[in-house]
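> So the sequence lines, in the order shown, correspond to chains H and C.
The first sequence begins at 1 in our numbering and counts up by one.
The second sequence begins at 1 in our numbering and counts up by one.
Read the hints as simulated data drawn from the structure, not as lab findings.
None of the values given here were measured: they were computed from a predicted structure.
Careful, some of the hints might be misleading.
Copies of the same chain look alike in the list, so a pair counts if it works inside one copy or between any two.
What the hints assert, rightly or not - Below 25 angstroms or equal to it, Euclidean Cα-Cα: the simulated BS3-like pairs (lysine-lysine) are:
(1) Lys90 <-> Lys232
(2) Lys276 <-> Lys63
(3) Lys92 <-> Lys287
(4) Lys276 <-> Lys217
(5) Lys92 <-> Lys276
Number of protein chains: 2
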Amino acid sequence: MKTDYSIGIDIGGTNTDLGLVDSNGHCVVIQRFATEDHGNAIEFVDELVNQIKMMLSETGIHKISGIGVGVPNGNYYTGCIDNAVNLNFKGKIYLKDLIQERIDVNVVVSNDANAAAYGEMIYGAARRMRHFIMFTLGTGVGSGIVIDGKLVHGFDGYAGELGHAILHPNGRLCNCGRRGCLEQYTSARGIKKTYIELLQQSGKSLTEEEMEKINGKDISDRATQGDVLAIKTYRLVGDALGLAMANAVAFSSPEAIFLMGGPVKAGEVLLEPLRKSFNDNILSIYKGRVKILISGLNENQSAILGAAALTRA
Amino acid sequence: MKTDYSIGIDIGGTNTDLGLVDSNGHCVVIQRFATEDHGNAIEFVDELVNQIKMMLSETGIHKISGIGVGVPNGNYYTGCIDNAVNLNFKGKIYLKDLIQERIDVNVVVSNDANAAAYGEMIYGAARRMRHFIMFTLGTGVGSGIVIDGKLVHGFDGYAGELGHAILHPNGRLCNCGRRGCLEQYTSARGIKKTYIELLQQSGKSLTEEEMEKINGKDISDRATQGDVLAIKTYRLVGDALGLAMANAVAFSSPEAIFLMGGPVKAGEVLLEPLRKSFNDNILSIYKGRVKILISGLNENQSAILGAAALTRA
């Protein structure tokens with residue numbers, strides 16, 4: 001098979017990463033520039049296109065099969081970014097059109113969690129799977145759903161927002177304005193919130209500064225070292241995520257559920273209660289039939305690989 | 001277009017209905033026999049095949065394009081009925097094979113809610129839709145999910161069990177052995193349970209016999225006549241179903257959600273609180289974009305039409 005290249009772009013609030021990816025899923029080169037340096041979308045796309053051209057020129061690879069972009073609120077059907085909360089450029093950005101005006105190639109846009117799911121299927125541990133769900137745990141919680149070997153986009157391109165499935169009606173206030181969304185309990189921020197609540201309930205008073213300082217790695221380190229409240233924190237996270245995953249199984253009956261992102265690095269302190277909750281909450285017909293797996297992609301490249309994989313969607 | 005016929009079979013615990021359906025969705029003839037008269041699957045299939053042969057002989061239509069069967073716990077991939085709770089014949093029944101040994105034609109088996117969804121798409125109000133979800137409210141709550149114009153079966157054929165998504169952890173004990181499943185709050189039985197609970201909370205003591213007698217139609221009639229507790233019952237049903245539907249939207253971003261079944265006949269006493277709950281609980285990106293619709297199929301034929309539609313899946 002002739003080697004074929006595509007470009008994967010991961011647009012985050014702080015940085016934009018782009019990489020040239022071959023058909024075996026190797027990143028030939030990776031570049032980064034600051035998203036937040038650009039106050040409007042036109043300027044941003046100008047810089048992005050310059051970066052792409054520089055990358056192609058430096059590698060001597062001029063023929064690419066497409067450009068895939070993973071971006072918060074990226075819409076597969078329209079190629080737009082719609083009101084992404086964490087980006088400087090607000091409103092509706094016609095990203096696909098803006099790129100194609102400057103580079104004449106196939107451009108595919110989707111949200112970052114969809115890209116992660118597709119990357120797993122094309123280059124990762126879901127290579128032979130046709131039915132699976134990816135949960136990405138980070139600042140928020142995203143999800144990408146693959147059914148019959150295809151990403152689910154839905155009627156208007158917004159499928160797979162399982163981080164905003166309501167788990168606890170009247171629960172924690174979410175950034176989306178509603179209460180009790182899964183992401184309030186299982187994102188990095190949600191985990192920190194739970195740990196601080198447990199500390200406070202145990203009688204410890206914390207200054208704003210002390211609260212600010214606590215991060216996910218601290219909590220997972222403490223849990224591994226036997227800190228009772230940190231362990232309890234991950235048990236609650238596992239309880240919540242296991243229930244949400246069991247409910248997701250009742251929807252699409254997947255072969256596996258994948259996990260990706262910072263909080264997953266906590267390892268068994270999270271995974272053990274998660275497996276228990278999943279098993280307790282899953283309907284009997286699915287019991288023992290759905291694997292819980294960690295993403296098989298190199299963490300530093302997963303977002304780029306996922307975005308590049310979108311060109312094969 | 002030449003008229004093409006298929007046979008739709010709806011197997012219930014009490015009766016089995018079968019009908020000859022033309023390509024426009026007209027039932028040419030319908031027959032019924034008692035499922036419960038047959039203690040084992042072989043006997044049952046013998047009777048079923050006799051009924052089919054009788055139907056074809058009486059109508060003079062001998063060429064059919066397939067037989068579709070909607071049955072509780074019917075599996076699309078294997079063609080089996082797996083441990084259906086309400087049928088006399090237990091264990092794994094190789095229904096598709098048993099029929100095909102006797103009649104040489106394409107046979108498709110799926111569960112009754114999947115059949116309902118597919119019937120809606122082929123013959124009903126979802127005719128031009130490629131993304132929708134059907135909730136069937138009856139003794140239990142079933143669901144059928146259509147994505148990209150195809151029924152979702154999942155990895156092992158059990159997708160779409162949204163009646164068993166857990167809505168209230170530690171809630172009402174469900175027949176499935178877990179707690180808080182949607183069907184415990186929104187099935188005919190669940191609605192009756194809520195109404196009786198509210199009556200008892202209001203200080204009314206009910207005999208077993210009085211409780212036994214109350215049926216769904218009573219409760220909806222009372223609600224329409226202004227009975228406060230009956231109205232509150234349907235508000236609670238609407239709250240639960242609206243939340244579950246909003247969560248389902250976050251999964252597959254459908255164009256519409258359809259409702260079918262006895263409890264839906266309550267009309268506005270159910271639909272008004274349902275719409276409110278759906279609207280309150282839906283993530284903003286979907287707001288105003290997902291229709292709530294009642295099945296467009298003739299109620300007496302919908303199960304047969306759905307089963308017949310499966311042959312076109």
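> Confirm or reject each hint.
Quick rundown of the hints versus the structure:
1. Lys90 <-> Lys232: Neither, since 39 angstroms and 43 angstroms both go past 25 angstroms.
2. Lys276 <-> Lys63: Classified as neither; 49 angstroms inside a copy, 53 angstroms across copies.
3. Lys92 <-> Lys287: Only across copies: Lys92 and Lys287 sit 17 angstroms apart there, 43 angstroms inside one copy, limit 25 angstroms.
4. Lys276 <-> Lys217: Within. Shortest intra-copy distance 23 angstroms satisfies the 25 angstroms Cα cut-off; inter-copy 41 angstroms does not.
5. Lys92 <-> Lys276: Answer is neither; intra-copy 42 angstroms and inter-copy 28 angstroms both fail.
This entry does not satisfy hints 1, 2 and 5, going by the numbered hints stated previously.
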